[in-house]
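*Asks:* Position chain A relative to chain P; hints supplied.
If you're matching them up, the sequences are chains P and A in order. If you want our numbering, it's the 1-based position in the first sequence plus 6. If you want our numbering, it's the 1-based position in the second sequence plus 6.
Hints were generated in silico from the structure; no laboratory data involved. One or more hints might be untrue.
You can't tell identical chains apart in this list, so a pair holds if it fits in one copy or across any two.
Straight-line C-alpha distance at most 30 Å; calculated DSS-like pairs for lysine-lysine [claimed, not checked]:
1. Lys240 to Lys178
2. Lys212 to Lys67
3. Lys212 to Lys317
4. Lys94 to Lys219
5. Lys45 to Lys25
6. Lys116 to Lys346
7. Lys45 to Lys275
8. Lys94 to Lys116
9. Lys275 to Lys116
10. Lys317 to Lys149
11. Lys275 to Lys219
12. Lys339 to Lys116
13. Lys149 to Lys178
14. Lys45 to Lys240
15. Lys317 to Lys94
16. Lys212 to Lys194
17. Lys67 to Lys178
18. Lys25 to Lys339
19. Lys317 to Lys45
20. Lys317 to Lys67
21. Lys194 to Lys271
22. Lys271 to Lys94
This one's a predicted model, so the numbers in the text were calculated from it and none came from an experiment.
There are 2 protein chains.
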Amino acid sequence: MKFDIQRDHLLNGVNDVLKAVSSKTTIPILTGIKLDATKDGLALTGSDADITIQAFIPAEKDGEELIHVTEPGSIVLQARMFNEIVRKLPTNDVEIEVADSYETRIRSGKSDFHLIGLDASEYPMTPDVTNDSQFTLAADLLKQIIRETVFAVSASESRPVLTGVNWQVKDKDLVCVATDSHRLARRKVALDNLPTNMTGVAIPGKSLNELSKVLPDDQTSVDIYLNAQQVVFKTNDVVFYSRLLEGNYPDTSRLIPEEYQTTIKLNGKELLQAIDRASLLARGDRNNVVRLSIVDNQTIEISSNSPEVGKVEEQIPVEVFEGDDLRISFSAKFMMDALKAIDGQEVVIQFTGAMRPFILRSVHDDAILQLILPVRTY
Amino acid sequence: MKFDIQRDHLLNGVNDVLKAVSSKTTIPILTGIKLDATKDGLALTGSDADITIQAFIPAEKDGEELIHVTEPGSIVLQARMFNEIVRKLPTNDVEIEVADSYETRIRSGKSDFHLIGLDASEYPMTPDVTNDSQFTLAADLLKQIIRETVFAVSASESRPVLTGVNWQVKDKDLVCVATDSHRLARRKVALDNLPTNMTGVAIPGKSLNELSKVLPDDQTSVDIYLNAQQVVFKTNDVVFYSRLLEGNYPDTSRLIPEEYQTTIKLNGKELLQAIDRASLLARGDRNNVVRLSIVDNQTIEISSNSPEVGKVEEQIPVEVFEGDDLRISFSAKFMMDALKAIDGQEVVIQFTGAMRPFILRSVHDDAILQLILPVRTY
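Here chain P stands alone, though its shape is the one from the complex (with noise of 0.2 Å):
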């Protein structure tokens, strides 16, 4: 293997393929990234196993020669001495050769690097997905789908299919469900192109973190393929592979309540703030709790109290009042990320009494629905 390439091209691809590389996996070889030189291209692999992103780097881009390949081949070097090493080449122009026994000679201005290499034919295969469910979303969608609902999924692993958003496909809806059973965050979207063959899947809720993070923020195509053990998210530039989580994910739908008995509608922001303020006093203490009241049917107030170190009250003012009186307990941070989840904007918020789920919708758009369990605090 030898080719000529630009470390800032080479750079951006080891650093979307190294989110994939943990440093406490037990195989070895998953330690390093692969790198396949053809005269296509440059392809980068980063896998610990339940992720592998891969990356690629076209020999040519809008005219441009961004890799001169002499000799096809493959390699393993360890990812985070790669990555450490093109970082720091004194160069933009880098030249990486294999000699025998796989050192791989790194050079760059007048620097010269000799790694010892591991061979790549033991790196794992990435599987076939040519059979799979397929349909597409645009990357910005698809980052905010995952922003709005992977906040929820369970952090215990004594259920482990909880530790994923649970994708299903309902009517021309994907719809996007994630629950710890103390609340609940749900994203509906409408989609021409979905496949109907597609069974309900668990996504682990790690994997559509990294996946955030490696897409771009715009309308950038991604296709997504499903089968039962694996889900694939392709770009031009990125494919990004997880396995899927084994269990049945629960029925969900029984747990939102189909009447309430107060309704309320007020700035997603003010209330935010007021509740960040108030958890204040409340941390550490029972859960982290805060109480909202009905004042009057123009007010709330939203309070926390901790014998210990003090107290605090705010009054908000609601636009919208319907509906029973109201005094209920619930822990600030399932609120707070809720509401970040629904961005403040105007929410609508609706309650079926003080021990029973209460729901969280913005005004401007259906497609969000969150939901929390209140606290008993007598």
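*Replies:* Here is chain A on its own, set in the frame of chain P:
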């Protein structure tokens, strides 16, 4: 106590004094910040017993009223809680009022906090400095002196006095020295106003690092007061107290060689980057050791070799070479620290053989001297 204050000024003051507050303190009252409101303004104090920082917000500045004190008084409030609350208050107008039994009300907009405070009379007094040796430095020069020396203090507590920077007056110079017995950093500053009666002191490296964060990057005058137990740095806004280290600081002047067998002059930034690259392959291996070899009278080579990982070589041009051939090994970290302190200037390095300490100086400025002990590699 009762006063109105602008949040931004309060927050700046709290941020400064918070740097002295340690969450690890065993003295409960030191988890708090002391507020003293007088008709002149508000004094804030934070301390971890070793370092004490006081910030003063005047009642009026440049004709603008920053604080309006209705009732003078004092209180101690939980430092981190108070900081978070101030940071998150909804408006820039803040009212703070202490009622009976230390309950402190903080109001801003519609937020209403009640914090349980502590008795300010139990907070440790700050010492009097009126009889101490005194001189003055500009803040930016003081920060520069700290930056050029403090990294070389010992991280080990086996000889506590070496965890500090030694300051002493010699002729008309302030001489600042730090050493961990493997390397040494020395900075001299010629000053007219130095006290003649000042004895050498050892200022904890930790205190100097914190002081740097509090001082502005300009020519603000810093009045420095010294006695046998403590040092005080005072500007119009902030007073910084630090205890001094006990014990006699060793005489380090004998460590510096008086004659040299090899002298090179070269670009410090090029050398720094080459050593940074070479250190990648030396990491974790034999104390991060790299080698410098004279190639010819215009070139040196920086190299590193790690049998399991690989090796790297890089040649660097030298502007001047005088004396004997040389091949010497040293800690990449120590060399990079020293070159960063000299800061990218043209650098002179003088050697007295492969097993003797060598020194680095700037070509342009004799005030900084860095000394490093080589590492035996055979």
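*Asks:* Each hint should be assessed against the structure and marked as holding or not.
*Replies:* Hint by hint, here is what the structure shows:
no., hint, result
1, Lys240 to Lys178, "within (22 Å within a copy, 69 Å between copies)"
2, Lys212 to Lys67, "neither (32 Å within a copy, 52 Å between copies)"
3, Lys212 to Lys317, "neither (37 Å within a copy, 36 Å between copies)"
4, Lys94 to Lys219, "both (23 Å within a copy, 29 Å between copies)"
5, Lys45 to Lys25, "within (26 Å within a copy, 57 Å between copies)"
6, Lys116 to Lys346, "between (50 Å within a copy, 22 Å between copies)"
7, Lys45 to Lys275, "neither (53 Å within a copy, 38 Å between copies)"
8, Lys94 to Lys116, "within (13 Å within a copy, 52 Å between copies)"
9, Lys275 to Lys116, "between (55 Å within a copy, 15 Å between copies)"
10, Lys317 to Lys149, "neither (38 Å within a copy, 42 Å between copies)"
11, Lys275 to Lys219, "within (26 Å within a copy, 33 Å between copies)"
12, Lys339 to Lys116, "between (53 Å within a copy, 21 Å between copies)"
13, Lys149 to Lys178, "within (20 Å within a copy, 64 Å between copies)"
14, Lys45 to Lys240, "within (21 Å within a copy, 67 Å between copies)"
15, Lys317 to Lys94, "between (52 Å within a copy, 15 Å between copies)"
16, Lys212 to Lys194, "within (21 Å within a copy, 54 Å between copies)"
17, Lys67 to Lys178, "neither (37 Å within a copy, 64 Å between copies)"
18, Lys25 to Lys339, "both (28 Å within a copy, 27 Å between copies)"
19, Lys317 to Lys45, "between (68 Å within a copy, 29 Å between copies)"
20, Lys317 to Lys67, "neither (61 Å within a copy, 33 Å between copies)"
21, Lys194 to Lys271, "within (22 Å within a copy, 67 Å between copies)"
22, Lys271 to Lys94, "between (54 Å within a copy, 24 Å between copies)"
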